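Student: Below, each chain spelled out in residue letters.
Protein chains: 2
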Amino acid sequence: MKIYRVNMTKLTVTSEGVPEKWHKLGGRALTSTIIAEEVEPTCHPLGKKNKLVFAPGLLTGTAAANSGRMSVGSKSPLTGGIKESNSGGSAAQKLAKLGIKALIIEGKPEDNTFYSLHVDISGVKIQEETELVGKGNYEVIDKLSKKFGDRIGVITIGQAGEYKMSAANISIKDYHGYIRSAGRGGLGAVMSSKKIKYITIDDQGGPGVPITDKNKFMDAARIFAKGLKEHPVTGQGLPTYGTNVLVNILNEAGGLPTKNFRMGRFEGANKISGETMYEYIVDRKGKPTHNCHAGCVISCSQVYNDKDGNFVTAGFEYETIWGFGAVCMVDDLDIIAQADRICDDIGIDTIETAVAISTAMEGGIIPFGDGQGMLGLLREIGKGSYLGRIIGNGAAFTGKAFGVDRVAVVKNQAIPAYDPRAVKGIGVTYATTPMGADHTAGYSVTHNVLKVGGHIDPLVKEGNIKLSRDLQIATAAIDSAGLCLFVAFSLLDKPEVYQAMIDLIDARIGPNTTEDDIIELGKYVLGVERKFNEAAGINKAADRLPEFFEEPVPPHNVAWDFTAEELDEVFNFVDGEKKELQYC
Amino acid sequence: MKIYRVNMTKLTVTSEGVPEKWHKLGGRALTSTIIAEEVEPTCHPLGKKNKLVFAPGLLTGTAAANSGRMSVGSKSPLTGGIKESNSGGSAAQKLAKLGIKALIIEGKPEDNTFYSLHVDISGVKIQEETELVGKGNYEVIDKLSKKFGDRIGVITIGQAGEYKMSAANISIKDYHGYIRSAGRGGLGAVMSSKKIKYITIDDQGGPGVPITDKNKFMDAARIFAKGLKEHPVTGQGLPTYGTNVLVNILNEAGGLPTKNFRMGRFEGANKISGETMYEYIVDRKGKPTHNCHAGCVISCSQVYNDKDGNFVTAGFEYETIWGFGAVCMVDDLDIIAQADRICDDIGIDTIETAVAISTAMEGGIIPFGDGQGMLGLLREIGKGSYLGRIIGNGAAFTGKAFGVDRVAVVKNQAIPAYDPRAVKGIGVTYATTPMGADHTAGYSVTHNVLKVGGHIDPLVKEGNIKLSRDLQIATAAIDSAGLCLFVAFSLLDKPEVYQAMIDLIDARIGPNTTEDDIIELGKYVLGVERKFNEAAGINKAADRLPEFFEEPVPPHNVAWDFTAEELDEVFNFVDGEKKELQYC
Numbered sequence: 001m002k003i004y005r006v007n008m009t010k011l012t013v014t015s016e017g018v019p020e021k022w023h024k025l026g027g028r029a030l031t032s033t034i035i036a037e038e039v040e041p042t043c044h045p046l047g048k049k050n051k052l053v054f055a056p057g058l059l060t061g062t063a064a065a066n067s068g069r070m071s072v073g074s075k076s077p078l079t080g081g082i083k084e085s086n087s088g089g090s091a092a093q094k095l096a097k098l099g100i101k102a103l104i105i106e107g108k109p110e111d112n113t114f115y116s117l118h119v120d121i122s123g124v125k126i127q128e129e130t131e132l133v134g135k136g137n138y139e140v141i142d143k144l145s146k147k148f149g150d151r152i153g154v155i156t157i158g159q160a161g162e163y164k165m166s167a168a169n170i171s172i173k174d175y176h177g178y179i180r181s182a183g184r185g186g187l188g189a190v191m192s193s194k195k196i197k198y199i200t201i202d203d204q205g206g207p208g209v210p211i212t213d214k215n216k217f218m219d220a221a222r223i224f225a226k227g228l229k230e231h232p233v234t235g236q237g238l239p240t241y242g243t244n245v246l247v248n249i250l251n252e253a254g255g256l257p258t259k260n261f262r263m264g265r266f267e268g269a270n271k272i273s274g275e276t277m278y279e280y281i282v283d284r285k286g287k288p289t290h291n292c293h294a295g296c297v298i299s300c301s302q303v304y305n306d307k308d309g310n311f312v313t314a315g316f317e318y319e320t321i322w323g324f325g326a327v328c329m330v331d332d333l334d335i336i337a338q339a340d341r342i343c344d345d346i347g348i349d350t351i352e353t354a355v356a357i358s359t360a361m362e363g364g365i366i367p368f369g370d371g372q373g374m375l376g377l378l379r380e381i382g383k384g385s386y387l388g389r390i391i392g393n394g395a396a397f398t399g400k401a402f403g404v405d406r407v408a409v410v411k412n413q414a415i416p417a418y419d420p421r422a423v424k425g426i427g428v429t430y431a432t433t434p435m436g437a438d439h440t441a442g443y444s445v446t447h448n449v450l451k452v453g454g455h456i457d458p459l460v461k462e463g464n465i466k467l468s469r470d471l472q473i474a475t476a477a478i479d480s481a482g483l484c485l486f487v488a489f490s491l492l493d494k495p496e497v498y499q500a501m502i503d504l505i506d507a508r509i510g511p512n513t514t515e516d517d518i519i520e521l522g523k524y525v526l527g528v529e530r531k532f533n534e535a536a537g538i539n540k541a542a543d544r545l546p547e548f549f550e551e552p553v554p555p556h557n558v559a560w561d562f563t564a565e566e567l568d569e570v571f572n573f574v575d576g577e578k579k580e581l582q583y584c
Numbered sequence: 001m002k003i004y005r006v007n008m009t010k011l012t013v014t015s016e017g018v019p020e021k022w023h024k025l026g027g028r029a030l031t032s033t034i035i036a037e038e039v040e041p042t043c044h045p046l047g048k049k050n051k052l053v054f055a056p057g058l059l060t061g062t063a064a065a066n067s068g069r070m071s072v073g074s075k076s077p078l079t080g081g082i083k084e085s086n087s088g089g090s091a092a093q094k095l096a097k098l099g100i101k102a103l104i105i106e107g108k109p110e111d112n113t114f115y116s117l118h119v120d121i122s123g124v125k126i127q128e129e130t131e132l133v134g135k136g137n138y139e140v141i142d143k144l145s146k147k148f149g150d151r152i153g154v155i156t157i158g159q160a161g162e163y164k165m166s167a168a169n170i171s172i173k174d175y176h177g178y179i180r181s182a183g184r185g186g187l188g189a190v191m192s193s194k195k196i197k198y199i200t201i202d203d204q205g206g207p208g209v210p211i212t213d214k215n216k217f218m219d220a221a222r223i224f225a226k227g228l229k230e231h232p233v234t235g236q237g238l239p240t241y242g243t244n245v246l247v248n249i250l251n252e253a254g255g256l257p258t259k260n261f262r263m264g265r266f267e268g269a270n271k272i273s274g275e276t277m278y279e280y281i282v283d284r285k286g287k288p289t290h291n292c293h294a295g296c297v298i299s300c301s302q303v304y305n306d307k308d309g310n311f312v313t314a315g316f317e318y319e320t321i322w323g324f325g326a327v328c329m330v331d332d333l334d335i336i337a338q339a340d341r342i343c344d345d346i347g348i349d350t351i352e353t354a355v356a357i358s359t360a361m362e363g364g365i366i367p368f369g370d371g372q373g374m375l376g377l378l379r380e381i382g383k384g385s386y387l388g389r390i391i392g393n394g395a396a397f398t399g400k401a402f403g404v405d406r407v408a409v410v411k412n413q414a415i416p417a418y419d420p421r422a423v424k425g426i427g428v429t430y431a432t433t434p435m436g437a438d439h440t441a442g443y444s445v446t447h448n449v450l451k452v453g454g455h456i457d458p459l460v461k462e463g464n465i466k467l468s469r470d471l472q473i474a475t476a477a478i479d480s481a482g483l484c485l486f487v488a489f490s491l492l493d494k495p496e497v498y499q500a501m502i503d504l505i506d507a508r509i510g511p512n513t514t515e516d517d518i519i520e521l522g523k524y525v526l527g528v529e530r531k532f533n534e535a536a537g538i539n540k541a542a543d544r545l546p547e548f549f550e551e552p553v554p555p556h557n558v559a560w561d562f563t564a565e566e567l568d569e570v571f572n573f574v575d576g577e578k579k580e581l582q583y584c
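Line order of the protein sequences matches chains A and B.
Everything in the first sequence is counted per UniProt numbering, starting at 1 for the first residue and increasing by one.
Everything in the second sequence is counted per UniProt numbering, starting at 1 for the first residue and increasing by one.
Any given hint might turn out to be false.
Given that identical chains are not distinguished, each listed pair holds provided it fits within a single copy or across any two copies.
[To be verified] Calculated cross-link-like contacts (lysine-lysine; reagent style DSS-like; alpha-carbon spacing at most 27 Å):
#1 K108 <-> K259
#2 K540 <-> K49
#3 K229 <-> K494
#4 K461 <-> K48
#5 K125 <-> K271
#6 K540 <-> K271
#7 K229 <-> K287
#8 K259 <-> K49
#9 K135 <-> K125
#10 K146 <-> K125
#11 K229 <-> K216
#12 K226 <-> K21
#13 K146 <-> K540
#14 K461 <-> K49
#15 K259 <-> K48
No wet-lab data here; the hints were simulated from the structure.
These numbers were taken from a predicted model, which means no experiment stands behind them.
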């Protein structure tokens, strides 16, 4: 396999072999390693010293189920720390099939011209781009699909990215032409600072991903896929209702943050639930079940149409519906779907933006519950108006603009859809992950709410520090493998599926990869990321939740009560700068 | 003397004796100690856990020349770290004469009502305020002077403060009714978060400040005042031309940051210089010489009129004229004076706001040199428009809003009027002071440019780390004494004036205060502040300049070339959390 480096200062491309030390790294492990090794931690995230790295996971491009994830790494303009933002879609598999281990974008042009990159078997081409500059992601993908054919892979930024907003995401086309997002941390702004509007990927003739032990791989792949299909969450709940199955579950658990995190239950929950959404989708001839990448056996995505049966959005996730729904007190699923559509089109993170709007509501810019006002604010982002510049830079920025001190962020990144007081394991993850508040970094909803992998009481502290630590380590490994996080449900409940994952990785990069190696990989990744953050100026004082979480949240009236010392125990396995990290 | 605590959650006032451990502290030493002891470092700066402390210096309220400075302390909404913002005006002397060592504002009201405080010999009264809410500082001071008489002391916030903007200052009336500012770090936003529009101070009947050895004090006071009057800088340059004498000096030195820090000389310098300003003032019947507090023998302030002889502004400082002048490429002194007037009226820091506008110019919002456009942006701040909310939150915020990566800030605070590449000692101060970029924290322009206290080459690294360290220590002590920083010129050149300062402090709080105690006091203050910042999440990675200073600046073509290790040597006397600080 190989590494491509695109230097946007010189407008040159170089190709190099994969250094020995990176052979066993992929996805997040590779992006975080490259950023930590090559980016000055105190550099400006939008300056020429930052880099943007795309890396498929170790298993991406193989026949392993649910292995098509892309890691995008950089220094984040939102958090100021290291960022790995993770997405489905077709791009990761196409890069992997071309034998590309990582695509590293460096430097930035002096002038104001936008460019595109085209990646195929012959290499990477840089071309000036004018036609699609200023256009939304749907139009970009549509035009590029017409130009190159439907099979083309596309990585693109919308207007939010072009404006270099800190909440701008990187959008990735899926096989159906819909949009998936590397949503968090503002990496769309970094892509824009490099003056790249889009990247097209044609994987025809690609050599594919090397497998060390093909028989072992195919055996493990069968067990792995079967395990995913047989688990009730990944075999039934997610395929039927999508991730939005969680609205009713979290509402019942009292952990659905409502009205800017004042309450744990939303009276309009039923109107925006997965069950209601399923009925709408079926009635309106949408698709209740749909996959975000080839080889996905879960298919938690869906296609959502309006009342007239016209397409509105796809990949309509729980966190988006919670965000534009409960936290902003909007109980109209069609408005929320339009909000998702606008965010996908202009290329902005739905979680960050929903919490930013909830913060603007707190500041009195529009009232809570004002769905049309909310859509208006989203359109301002697309226009790049002054108001749009405020909201589009995220929740902390919006709070500062409007003098609001009730702002749900950690390390400047908005807190997602699970109240940290009523789901304490995820609160520990929000506080301590190097990513800033991120539910996917250690998704304790498994044990806390769904009782997958055991049960740990979400309302009390006991067990939740260890739970978050273990899940953060496991997740860092899963993100490095290129696996969808949802494989965790099955891994946690079924030892043979867990072993199958280890066997897949061993058969791919082995021999002799063991469970210990996978755990070491997870610890290594977190250690690299923590070390970068410390050098970037983010110390343990940033591993805290905002003070307003000391208020009890109804209905359980539980408050956030972890001490600083307890939170600092999460990373007791990382010895800061003193210990050389061993995995590589 | 006593301490007043005003609890704005409960709307109560308590009075307490001065604890033994605070007896020898005043000004910055006291505000920083109180913030460090009583404020949770990770709290939200605009939340109920932050405090706002007003403390006159140790010598304030005495007959010592130039001792009327006020320290205002808090956790800064701009930097996120500890802040001492320092101002002239009459309030500090009036608090001191009432025997008030510190006025501590705590908590915040739940509702949206504004209040005023009235301080007199009988105590502190909290009253609801409606009439002056939304009004600018000039109107506030005018109405309050009419109500209470011209002698009333006033501390107030303008509209920028009311909007809780991170660049909002706290304005302090001088004896003539003009405005002085505790300018830096956004403390006006903190005062607003406490819902206090203004504080009036009536010092009639106050007991005054206790002096331990009156004879020694009066002898030292005579030598001290004489020394100030006889030094060429404080006896001639500053009284005649004000601080704006520096435009020509810095331009000549190649250290006048121009066009968002691209150049060290401004071709319009002569049009905005102190010499030109002096002619305008004399021609238009303004006052070229004017003091900001009683007992000032320097009188560097002035009253600036327009072409028709109408008052425009007072306290028209070099840094303001540089900011709205050179860095924004505006060479019209009348426009700059209007900019200063607007900033004083709406209550916003001129340095932060000028660099914010320069950053907006960088982002193409208005062109460099567009003076009318600049005034328009300032008016937007006063209106609280979305654009105003952006600019009013400072340079870093403006850079983020407009995707600009050339932003001259350290710890989020704008870099002032001396290019750190061409005046390297001040660059070291910008990088390392706990305050964020602040020229007053260690004003190396003395040795680097004016050759006061010796000469250290401003263009090379040698000697500038030690220079900044020594000056930061001395300044922390001067700020604690309540002395104007300009006494330093005379202190540095004349041993008898230096000894007189020590004798003044000894006669006030002694006996047996020595030079070592004064140096220990300075070190103690810096140690307390560094420790707070570390606990607030600001580590040594924040002690760096933005990467664009690696570009050489004409005319000397010198770049910023200090290594991280060199900068980390500045605080080699502070042992972080390990060493107990000894001064108290």
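Student: The structure should be examined with respect to each hint, and the outcome stated for every one.
Tutor: Evaluated hints:
no., hint, result
1, K108 <-> K259, "between (41 Å within a copy, 22 Å between copies)"
2, K540 <-> K49, "both (25 Å within a copy, 20 Å between copies)"
3, K229 <-> K494, "within (12 Å within a copy, 85 Å between copies)"
4, K461 <-> K48, "between (44 Å within a copy, 26 Å between copies)"
5, K125 <-> K271, "neither (48 Å within a copy, 52 Å between copies)"
6, K540 <-> K271, "neither (40 Å within a copy, 50 Å between copies)"
7, K229 <-> K287, "within (19 Å within a copy, 85 Å between copies)"
8, K259 <-> K49, "between (40 Å within a copy, 23 Å between copies)"
9, K135 <-> K125, "within (21 Å within a copy, 59 Å between copies)"
10, K146 <-> K125, "within (19 Å within a copy, 73 Å between copies)"
11, K229 <-> K216, "within (20 Å within a copy, 90 Å between copies)"
12, K226 <-> K21, "neither (34 Å within a copy, 70 Å between copies)"
13, K146 <-> K540, "neither (49 Å within a copy, 52 Å between copies)"
14, K461 <-> K49, "between (42 Å within a copy, 24 Å between copies)"
15, K259 <-> K48, "between (40 Å within a copy, 21 Å between copies)"
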